[in-house]
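Asks: Line by line, the protein sequences are chains A and B. Position 75, counted from 1, in the first sequence is what this note's numbering calls 75; the numbers after and before it change by one each time, with no gaps. With the second sequence counted from 1, adding 107 to any position gets you this note's numbering.
Everything labelled a hint here was simulated from the structure, so no lab data went into it. Even for Gly, the Cβ is constructed at its ideal location relative to N, Cα and C. The reader is advised that the hints may include incorrect statements.
[Stated by the list, open to error] Now the in silico label distances, taken between C-beta atoms and shown as ranges:
#1 B/Gly347 x A/Leu74: 34 to 44 Å
#2 B/Pro310 x A/Glu31: 44 to 54 Å
#3 B/Gly305 x A/Val50: 25 to 35 Å
[What the hints assert, rightly or not] Derived DMTMM-like pairs: lysine to aspartate or glutamate, alpha-carbon spacing no greater than 20 Å straight-line:
#4 B/Lys130 x A/Asp71
#5 B/Lys372 x A/Glu95
#6 B/Lys358 x B/Asp390
#7 B/Lys138 x A/Asp71
#8 B/Lys154 x A/Glu73
Spelled out from the first residue to the last, the chains are:
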Amino acid sequence: MAMGPLIPALLGEQLEVALDELARATGLTVEEVVELVEYGVFEPAGGTPVQWRFSARCITLGRRAARLRADFELDLSGLALVAALLERIDDLEAEMARLRAQLLAER
Amino acid sequence: MKYKDYYKILGVERSASEADIKKAYRKLARKYHPDVSKEKDAEERFKEVGEAYEVLKDPEKRAAYDQIGSYQPGQDFRPPPDWGERFGGGARGGFAGFEDLGDVDLFDLLAGLGAARGGFGRRAGGHGMQMPGQDVEVTLYASIDDLLRGTEVEIPLSFTEIGPEGRPQRVTRTTKVRIPKGATDGQRLRVPGKGGPGMGGGPPGDLYINISLRPHELFRVSGHDVYLEVPVTPWEAALGATVEVPTPQGKVSLKIPAGSRAGQKLRVRGKGLPRPRSDEHGDFYAVLQIVTPSVLSEREKALYGELAQASTFNPRAHFE
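Pulled out of the complex, with its shape left as it was, chain B reads as follows (with noise of 0.2 Å):
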């Protein structure tokens, strides 16, 4: 089993009061919850400070938890001899063997110590209450190519269970989805009764899915829409031109009329990602840019001097 330092954790000493505890949480919570924090590393951070305070707010999950020792975060570590005996829950024997917990997490382990106590013990016995399972939520990175044709995927994941001996486990499942049509970035999906398993007969929690779009190199998406940058010389923006430019859905030609400005978008509907509910697409949409040589032959310079002294225009005018 490895060993997580909560008081590090959550930036407290060892002889922290509960208050200063909940002082350090409710701190913590604020910088990390993944609903209003921007930072990086916001959903693990959190979890790991929820998990912390979890255990360091109840007096007995603490006791317990000093009882362990200290060790180095990540160590491998085998909880004292007598510990299951002392609070893994009296009658039941508590969790008795440590030898063959090699793979259990330390917060389940924690977190079992308090279900033997109280409602999973009991339903190992038959009266158990019920209880709803655990709504689960994951984010899915999709590529636009699995938003376009709605790829399979397989999201595994794990859950803890009490066990036959009353001790937790770890299952992991998987579940095959589909990515339905019509999703797109920070799209959010159910699947009911895909999450946690319920205790004592309660119903399942629900899979919640968060789309979160890969960026493209080339390609960028709003909603059902489709933006791609495409470079032009002066000669084509002026004079206008047909140019074969990539979609999501294969090349098309595009055509880009006479005087054509930078930043223009000229839009080629239908060419987007499907929406929901309908077999219509979002719509794509160039954005041309203009791009001049960097490097000019003679011939070129000579065309472009020759051009400077022909042409009238003055793009400035509206400066006078």
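So here's chain A without its partners, still in its complex pose (with noise of 0.2 Å):
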């Protein structure tokens, strides 16, 4: 059966999940999300954990917690701490590569 390509999906600010999606998705359990909210890694809108929206860019920290946690133990004040450190530095390294684009080429 001949099948098309598939359209894979932009995980950026536009596209929101929930809370148990998360989880799923990032292989954390549901009481660990709600933890990690509690530390301020995620930031969900929304009042109450059935009415959260995650920003799909969760997944991808979110699956780097999970990462983090299983290869260096862990626990989850630790790994809200490492999250918030790794976050900074996308942040600086984007700022960066943003800055070296508007930099004239060296000679």
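Combine the two chains into a complex, taking the hints into account.
Replies: And the structure:
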């Protein structure tokens, strides 16, 4: 059966996922996601956990958190700290890439 | 089957204790973890280290591995004749017949050892437990043109499955995807259900694609904006000019205003990369660079001399 190409979803700010979908996609438990929200790692829109909507960027962040937790046996507060620092590094790297794109090439 | 020296990969002696193996693994994992490491081959090394640890931390797998003997890494070998019966999982007869294991990966074989003991063996009997398939992450190297036009790519993925004989086998499957409009460097994409196959009726995993933009010889990309360095002559900068410059969407006429400075950015709206979920594009920026000729003709020299005499412009006035 010939199949057309699949169109993957962009995991950016535009797409939103619910709590259970985020837990499933990241391999974290629902309780762990809730705790990471309390630590400020994830910042969902909506009042109660049932109403929470997470930006799809959280999937990337959560998957990374789950890997780090498993590979380094981190507890959740340590994980929250690592995630926050990694996000800062990401932002700095994005800023650096933006500035580098604007810089004149070295001669 | 190719030999892998797991002890060497972790940098420990064959007689190392479990604690030493764990210590060595932690150190290397911290160094090569792809989420934190900047090492060039971090992902590859981390996988290798993880594989070595997976085998050596499990006393049974380690014993099975030790029984194979010691070879040079990459050397072809065959496990001893009774290895399958001893380590292959009892009642099912283990992995009988190693003659045709030519392309089986050593790690898959050892992983299958655990599987034959546990879930997969039972699954073959039809009473298996459900296990979701593994999520798979791949990096896709794309060109600016790919992002602009949304090229189709074929992603071959290989998985280890336990075959009907209870023996691990490598299965390769190709997934065809189209890079969606709006993707850019560093973008993560998800294709649900296209990761590893589930076990015992469990759902398949997801495929995650990380887009990495291949460097372009002229353009530099930041998000959906594209930058190009445009060399101009001193007189073009001073008097203004219209020059033709390339953009990812074809050539455009660029008006350089009189009195332009080096490093000045001129924006051409909508000539960058497509943005997600809209018909809009990012912007194109021409970054001016003023270039002086390295060799001057007599006539040019005379004209520059005349300009030097006539001009009262002092760019260093603020030093005084």
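Asks: Next, verify each hint and record whether it holds.
Replies: Hints and how they fare:
The supplied range of 34 to 44 Å is broken by B/Gly347 and A/Leu74, whose beta-carbon atoms lie about 59 Å from each other. Restraint check, B/Pro310 to A/Glu31: a C-beta distance of roughly 21 Å breaks the suggested window 44 to 54 Å. Checked against the hint of 25 to 35 Å, the pair B/Gly305 and A/Val50 passes, with Cβ atoms roughly 28 Å apart. Of the supplied pair hints, the one linking B/Lys130 and A/Asp71 holds, its CA atoms being roughly 13 Å apart against a limit of 20 Å.
Between B/Lys372 and A/Glu95 the CA atoms are separated by roughly 18 Å; this keeps the pair inside 20 Å, and the hint holds. The hinted pair formed by B/Lys358 and B/Asp390 meets the criterion: a straight-line CA distance of about 14 Å does not exceed 20 Å. Among the hinted pairs, B/Lys138 with A/Asp71 is consistent with the structure: their alpha-carbon atoms are about 12 Å apart, no more than 20 Å. Restraint check: the Cα-Cα separation between B/Lys154 and A/Glu73 comes to about 17 Å, which is no more than 20 Å; the hinted pair holds.
Going down the numbered hints, you'll see the structure goes against 1 and 2, while the others check out.
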